[in-house]
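Each protein sequence line maps, in turn, to chains A and B. Residues in the first sequence are numbered from 8 upward in steps of one, following our numbering. Residues in the second sequence are numbered from 15 upward in steps of one, following our numbering.
Watch out, some of these pointers could steer you wrong.
[Said to hold, decoys possible] In silico SDA-like pairs for lysine to any residue, Cα to Cα no more than 20 Å straight-line:
#	chain 1	residue 1	chain 2	residue 2
1	A	Lys113	B	Trp78
2	A	Lys203	B	Arg130
3	A	Lys113	B	Glu75
4	B	Lys133	A	Pro192
5	B	Lys103	B	Pro115
Please keep in mind that the hints were generated in silico from the structure rather than gathered at the bench.
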Amino acid sequence: MKGIHSSFMLELSAGRKVRNCAAQILISLAALLAIVPLVFVFVHVIKSGMPALNLAFFTSLPSPVGQSGGGMANSLIGSLILVVFGTVIGIPIGVFGGVFLSEYGKGKIAFFMRFSVDLLTSVPSIVVGLYIYSMVVVPTKTFSAYAGGLALSILMFPFVVKTTEEVLRLIPQHIREAGLALGIPRWRVIVSIVLKGAIPSVTTGILLGIARIAGETAPLLFTAFGNRFWPHGLNEPMPSLPVQIYSYAISPFEEWHKQAWAGALLLMSMVFLFNLVARLLLFRDKSGHN
Amino acid sequence: MVQKELVLSIKDLHAGFGSAEIVKGISMDIHRQDLVALIGPSGCGKSTFLRCLNRLHEETEGAWVRGKAELFQQDLYERGADPVEIRSKIGMVFQKPNPFPSMSIYDNVAAGLTIRGIKKRSYVADVVEYCLKQAALWEEVKDKLKAPGTSLSGGQQQRLCIARTLAINPPVILMDEPTSALDPISTAKIEELITELRKQVTIIIVTHNMQQAARISDKTAFFLLGELIEYGATSEVFTTPREKKTESYITGRFG
Ligand SMILES: Nc1ncnc2c1ncn2[C@@H]1O[C@H](COP(=O)(O)OP(=O)(O)O)[C@@H](O)[C@H]1O
Ligand SMILES: [Mg+2]
């Protein structure tokens with residue numbers, strides 16, 4: 008009796024081991040499936056981008072057709088201007104919106120706002136570009152950094168609203184009550200206790216938002232447009248890395264293709280860096296608490 | 015005996031959430047330097063009652079209050095009464111220690127001052143040291159004031175929260191089961207601290223621990239289903255209760 012019983016148990020545990028093993032293989036396979044394309048893209052972009060990624064690439068203007076060399080210095084600066092512009096508008100709206108939704112977000116206004124923010128995050132970026140084209144570019148009769156930055160800020164702020172709301176909601180209610188119980192006015196509790204405590208996570212959201220807009224091409228195509236020269240002012244067409252990559256990539260010239268790859272490598276590295284910093288920040292914050 | 019100054023006078027206070035009435039017409043007077051213990055089975059409205067007194071109750075959705083609660087003859091619920099000002103006069107220590115995360119020990123104690131705009135460094139530093147000493151925590155933390163408040167043990171965190179409350183110098187402090195999340199040694203320390211503090215502050219403490227109520231309080235209020243069943247000198251409530259219900263609760267027949 009005992010023998011039968013234990014051999015039955017053995018069989019059972021053997022079956023379990025097989026199933027466990029199979030599950031593990033499947034899960035590892037799934038993980039691999041996610042990583043392989045990433046590695047392929049990385050390797051390919053690095054291999055294609057390295058040849059043209061020299062000092063001149065960072066310091067010179069694009070060279071005229073037919074001449075070799077030249078760089079994307081103007082696009083680099085243009086991108087910087089556009090992203091800073093978009094961020095400067097996007098951060099305050101995003102953070103304020105997130106604070107509002109998390110701390111006061113109960114009534115009808117909040118419901119409507121949450122709904123629109125959700126919708127806005129899923130609007131295709133080209134639609135945002137088109138909108139700014141009709142609202143800003145057409146009336147002012149010029150492509151400009153204003154238009155481009157505005158388009159980027161519209162893409163950024165809903166994302167920042169959502170991440171800010173989410174991280175503020177993670178701060179427990181009893182912390183807010185502890186602040187109120189000290190006779191601190193509500194808005195000061197929100198700013199000096201709730202928001203201040205969440206700075207690392209809010210920053211992470213902002214960095215991820217920047218990484219998102221840094222690579223956007225579609226909304227810039229007919230807002231900032233592009234330019235082969237140094238940027239002069241904000242009310243002029245503004246070159247940017249993604250648009251420059253786009254126009255070089257669809258050109259028929261081998262030399263420009265190489266530059267497009269170098270630009271792609273640069274863009275990818277920057278976005279990668281932003282993501283990395285954002286995650287490190289979050290990680291440090293998490294391990295800092297107990 | 016000279017009648018001590020009347021600090022809190024609660025008259026027919028009702029409170030609840032939505033259609034549920036949790037506090038059902040409580041009236042009680044609390045005098046200067048009284049140490050009042052609120053006892054009663056859990057769910058009988060002790061916390062709700064306490065939170066009415068520093069106007070924290072209204073922070074919960076659907077909360078309502080009716081009746082009167084006067085602090086030094088000022089009705090806390092009269093039109094125009096400022097909850098922010100009331101809360102700076104009636105401090106609160108919560109059941110679960112809740113130091114502000116990502117703030118140092120020092121900043122936690124200073125928060126009530128600095129966030130409300132009192133920034134003079136030497137003054138704030140003096141207050142922090144004084145309150146940490148009062149809360150019997152100074153010796154343990156004086157060399158690591160910059161460490162996060164959350165790095166302390168549970169008992170230390172609770173004493174930190176008491177120091178934080180003392181820093182705004184309220185004449186009344188409410189404590190909602192301040193030791194129920196702590197080990198016996200930390201509990202003993204906090205009880206000792208409370209008996210020290212009562213010399214200068216009026217304290218109302220909710221406790222589910224009847225030995226605690228008997229040990230530290232001089233008045234005891236017994237709550238049952240949102241009503242105040244009995245309120246009197248602790249020695250009398252525990253030895254010769256007037257009400258049958260009080261007796262049953264104290265002798266452990268329910269709750
Ligand atoms: N936010 C709320 N909404 C509705 N009912 C609540 C809420 N909070 C507490 N209650 C109810 O109020 C009653 C009293 O709670 P409480 O004052 O915390 O009692 P005690 O502190 O004596 O244990 C409980 O029955 C509880 O279910
Ligand atoms: Mg309670």
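- Task: Mind checking the alpha carbons of A/Lys113 and B/Trp78 for me, to see if they're no more than 20 Å apart?
- Result: 18 Å, holds
- For the pair supplied as a hint, B/Lys103 and B/Pro115, is the alpha-carbon distance within the 20 Å limit? At roughly 24 Å apart (the allowed maximum being 20 Å), B/Pro115 and B/Lys103 break the hint.
- Task: For the pair supplied as a hint, B/Lys133 and A/Pro192, confirm whether the alpha-carbon distance does not exceed 20 Å.
- Result: 17 Å, holds
- Message: Given the hinted pair A/Lys203 and B/Arg130, is their Cα-Cα distance within 20 Å?
- Response: 15 Å, holds
- Item | Pairwise hint evaluation, B/Glu75 against A/Lys113, where the allowed Cα distance is 20 Å at most | 10 Å, holds
Hint violations for this structure: number 5 only, all remaining hints satisfied.
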